[in-house]
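Colleague: One letter stands for each residue in the lines below.
Number of protein chains: 2
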Amino acid sequence: MRQAVALHHASRLVNHGPTVLVTTRHAGRRNIMAAAWSMPVEFTPPRIAVVVDKKTFTSDLLKASDCFALSLPVPALADLTYRVGSESGRDLADGRDKFARHGIATFDGPVLQLPWVDGCCAWLELRRIAEPHSETAYDTVFGEVVSAQADDRVFAQGRWSFRDDNAALHTLHHLGGGSFAVPSRVVQGRLLEAGAS
Amino acid sequence: MRQAVALHHASRLVNHGPTVLVTTRHAGRRNIMAAAWSMPVEFTPPRIAVVVDKKTFTSDLLKASDCFALSLPVPALADLTYRVGSESGRDLADGRDKFARHGIATFDGPVLQLPWVDGCCAWLELRRIAEPHSETAYDTVFGEVVSAQADDRVFAQGRWSFRDDNAALHTLHHLGGGSFAVPSRVVQGRLLEAGAS
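So the protein sequences, as listed, match chains A and B. The first sequence runs 1 to 197 under my numbering. The second sequence runs 1 to 197 under my numbering.
Do not rely on the hints blindly, as some may be mistaken.
Claimed, not checked - In silico lysine-lysine, DSS-like type, Cα no more than 30 Å apart, as pairs:
hint, chain 1, residue 1, chain 2, residue 2
1, B, K63, A, K54
2, B, K54, A, K54
3, B, K54, A, K63
What the hints assert, rightly or not - Label-pair ranges, simulated between beta-carbon atoms:
hint, chain 1, residue 1, chain 2, residue 2, range
4, A, D94, B, R153, 42 to 52 Å
5, B, G158, A, F107, 29 to 39 Å
6, A, A93, B, V111, 42 to 52 Å
7, A, A130, B, A130, 16 to 26 Å
8, A, A168, B, R127, 37 to 47 Å
As the list claims (entries may be wrong) - Covered stretches of chain B, going by a simulated chain A footprint (3 or more residues, C-beta under 8 Å):
hint, region
9, 29-42
10, 46-52
No lab work stands behind these hints, which were simulated from the structure alone. The C-beta atom is built at its ideal place from N, Cα and C for all residues, glycine as well.
Isolated chain A (complex conformation):
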C-alpha cells in the first residue's frame, strides 16, 4: 500500500544510493529519464542533490518549472529504467513523449501534480533550489522534498526493510551498461566499545 512518508524521513528513501526516475512537466510537455547519481544532503529540511546533464530535455523542463519528481524503480522495471536513461525525449520521431511511447502509467503527486511512475516502491516531489553554479559546473541540481510516499510493504516508520518476501519491491543500483545491483541482503552494524572489537 502506498503511504505518505513524513518529510523528516524523506531523505532516507535515497540514503542507500538507488537509481531514480526523474520526471518533469512544464507548459504541457513532460519527460522522464533515469539518474544513477543522487544523494541526500540534509535530513531536515529534506534536501537531495541529483545529477542531471544540462544538455537534457529533463534539465530544460526542470529549470523552466522549478520542480521535479523522483520515482524509485524496482527489478521488474529494469528494462524500462535502462531504456529511458538511454534516449532523449526532446524530439521523438513519432511525436509522442516517452511516457506514451513506452506505455508508462503515471499518477500525480499531491503537492506539485508532477507525474509519479506506477509500479515503483517510493516517490518524491521536490522544488528546485536554484544553484546556477553547481548546475553549470557539475550538472548538480539541489532540491527540497515537499512530498514523499512509499510502499509500506518495504518502507515503514522511516526505514527500508528489504526481505525475501518483498524482493519485488527492492530498489535498483546502477552498475553500468544496464546492469543493476539489488540490495537484497542486510547486515546490522553494532556499536562496539573501543578495544572490544
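With the hints as your guide, set chain B onto chain A.
Modeller: The following block gives chain B in isolation, referenced to the frame of chain A:
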C-alpha cells in the same frame, strides 16, 4: 588482488551508492569517518561529491590539506563503519586518533599518501575542488579522483561483478541506524524497442 583502476573508470566505483570511509591527514593528524552520502558527478575527469558535515574534524583536515581519500567497506567492516560514523576524532579522551583507538590498519595511497583502510574492496584519492558555497550551504564537497584501486575479484575492466563467490567483498549501503543493505543480487536491463515491451 588490489589493482589500479583506470581514472576514466573511477566514478563507477561509487556509481551504485555505497557507503564510504572518508580519511584525511594534515600536519601530523589524521581522521576517519563514514559517509553514506556521496555520488559521482562526472566520469571524465572523474569527479565525486560527498557530504561532510562542516562541523566535523574530517572537514577541518580536508579543507586544510585540500585532499581526502575514500575506502569502500565490506560486510565484515559493518561494525567499524557504524562506529567511526558515530563518534568524532577531534578530541578523543584517550588522546589517540580513531585509527589507533579501533585498531584500524591502513596503507598509503600512491599519489597523495593518504591513509586507505585495509580490508576494503576499493579505494580512491581525491583532490578537493574548493567550492565554498556548496560546502557551506549543503556540506557538499567536490573532489577530483587522482588515483583509484580495487580488489579485482569484485571490480575488473571498469565494472563491479557481485556474485555469491565474492560476497565478502560486496559494498555496504546505509539504510539508517547501522543497518546496511548489501547489493548481492544483480538484474540486467535490456534495451527493448518501443512497443516491444
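Colleague: Does each hint fit the structure? Answer for all of them.
Modeller: The hints, checked one at a time:
no., hint, in the structure
1, B:K63 / A:K54, "29 Å, holds"
2, B:K54 / A:K54, "28 Å, holds"
3, B:K54 / A:K63, "29 Å, holds"
4, A:D94 / B:R153: 42 to 52 Å, "46 Å, holds"
5, B:G158 / A:F107: 29 to 39 Å, "38 Å, holds"
6, A:A93 / B:V111: 42 to 52 Å, "47 Å, holds"
7, A:A130 / B:A130: 16 to 26 Å, "21 Å, holds"
8, A:A168 / B:R127: 37 to 47 Å, "43 Å, holds"
9, 29-42, "holds (count 7)"
10, 46-52, "holds (count 3)"
The earlier numbered hints are all upheld by this structure, with none contradicted.
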